[in-house]
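Let the hints inform the model, and build the full structure from the sequences given.
Protein chains: 2
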Amino acid sequence: MPAATISRLSIYSRCLAQLEISGIDTISSHELADRTGINPAQMRKDLSYFGQFGKRGVGYKTSELNKNILKILGLDHEWKVAIVGAGNLGSALSGYRGLKEHRFIVSAVFDSDKSKTGRYCGTVRVSSMDEVKDVVAREGIEIAIIAVPAEAAHWVANQLVAAGLKAILNFAPATLIVPEDVKLRNVDLSIELENLSYFLTNKDREATVENA
Amino acid sequence: MPAATISRLSIYSRCLAQLEISGIDTISSHELADRTGINPAQMRKDLSYFGQFGKRGVGYKTSELNKNILKILGLDHEWKVAIVGAGNLGSALSGYRGLKEHRFIVSAVFDSDKSKTGRYCGTVRVSSMDEVKDVVAREGIEIAIIAVPAEAAHWVANQLVAAGLKAILNFAPATLIVPEDVKLRNVDLSIELENLSYFLTNKDREATVENA
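Protein chains in written order, with my numbering: chain U, 10 to 221; chain G, 10 to 221.
Be a bit skeptical, because a hint or two may be false.
One copy or any two copies: either way a pair holds, since identical chains are not told apart in the list.
Heads up, simulated DSSO-like pairs for lysine-lysine below, C-alpha to C-alpha not over 30 Å straight-line [as the list claims (entries may be wrong)]: (1) K192 to K109; (2) K80 to K54; (3) K64 to K125; (4) K192 to K54.
None of these hints come from the bench; they were simulated from the model. On a predicted model such as this, the values are computed, not experimentally measured, just so you know.
And the structure:
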C-alpha cells in the first residue's frame, strides 16, 4: 500500500464530514472522488486495502464510511501531542485550531531555553527539556512535533526517542535518523513551494498531472 | 504523471545535493533510490517522465542529474514569495532557513491588522493588505503563502488572485476555491499527524507500506 493512500484517507474523511454536516446521507463513489479531486479508480483502490465499503448502485453511507476511515486512521480517540520548541513555529502550532478539531491535543511544550520554562505557549505551560521523559509518561503523550532550528533537531530527536516516543513529526530542515521502530515524518515546507515553482515553470505540462 | 512525482523530484534533488557535497560524482539508480527510501522502479518511472537520465551500468552523474531536476522544478532561478499573516506562523515562515536555501525569497509580508504595518517580521517590513497589488507587481512576487486564521483565508485568497498571483500555498485549515488557472496547494498539518496516528494504530500493517 502506498503511503499516499493514508494521506488520501484523511482527505476522504474531511470531505465525508462536510457531507454529513450538509445532511447528505449517501454518495456515489464517482461523486465522492469528484469532490476530493482524486480519480475514482484511485479512490476505490485506496479503500479496497481496508475492506469492502459501499454497495454497488447505492454508493457509500457518508457517516458509516467516515466512521470506518476515522477508525483506520486511529482517530476514534484523542491523541496527546508534545511540541518541542516554543519559538514562532511552536507557538503557531500550539494555537493551530486544525489540530484540536482532529483530536490532536497539545499537552506539553518543551524548550531547551530555560528562561522560557514556566511561560505559556498558547494555553500550555512551557517545560524544560530535562522534563521530557517525566512529562511524556505522566501526560500519556504519544506523538511529538519538532519545531526547533535545524542544528538542534538531531539532539531533540534523540531525547524524544529516549523518552519512548514512537511517532515524530519534524519541521526542522534537517535529515534525522531514528531507530526503525520509530515513525518519523518530515514536513519540508520548501518541497511544498517547489510544487508551485514546478507548476509556474511547466504550466502546459501541468494539464496531465493527476491530483493525488 | 502523479502529483507525488513532483514531491519526489524534490527529494531526489536534496539527496543528490548531499552527494555532491560529499564529493560523490556518480551513483547507481539502486543506491540513489536506497538513500531516498523510494523504491527503484518508482524512481526510474518518475525520472522517465522528463527524459533519459543516466547510463546503463554507469548510473547517474550526481551534479548533472541534480541540475536537470532543479531545472524541471523551476529552481534554476530565485522565486519571490509573499506571506500573508504576520502572526506566529507568518513569522516562523519568514525566518525559515529552508526557504532561502531553496531559492524562495520572502520579499513581502502582509497583514490586515494595520497596527502591524511598518513593523518587521523577520527582516521584512509588514505591509497592509491594501498594498498587495502594488507590492506584488513592484517586487515581482509570483508565489503567496496564506498564514492567517481559517475565517480570513478565503478573503485573503481572493485578494491574492485579484493581484494576479497564480500560485498559492495555504496553511489555513479552510477549503479555498480559486480560479482554474491558479495553482493552490494546501498544507494541512493535521493530515501529517493522521499519518502518525495511523502508524501507531496499525503498527503491524505498516510493514507493507511503501515509502513514497
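Hints versus structure:
Within a single copy, K192 and K109 get their C-alpha atoms as close as 21 Å, and across copies as close as 28 Å, so both meet the 30 Å cut-off. Proximity of K80 and K54 under a CA criterion of 30 Å is satisfied intra-copy only: 18 Å inside one chain copy versus 34 Å between copies. When the C-alpha separation of K64 and K125 is checked against a cutoff of 30 Å, the pair qualifies neither within a copy, at 55 Å, nor between copies, at 55 Å. Proximity of K192 to K54 under the C-alpha cut-off of 30 Å is found in both arrangements, the shortest distances being 24 Å within a copy and 26 Å between copies.
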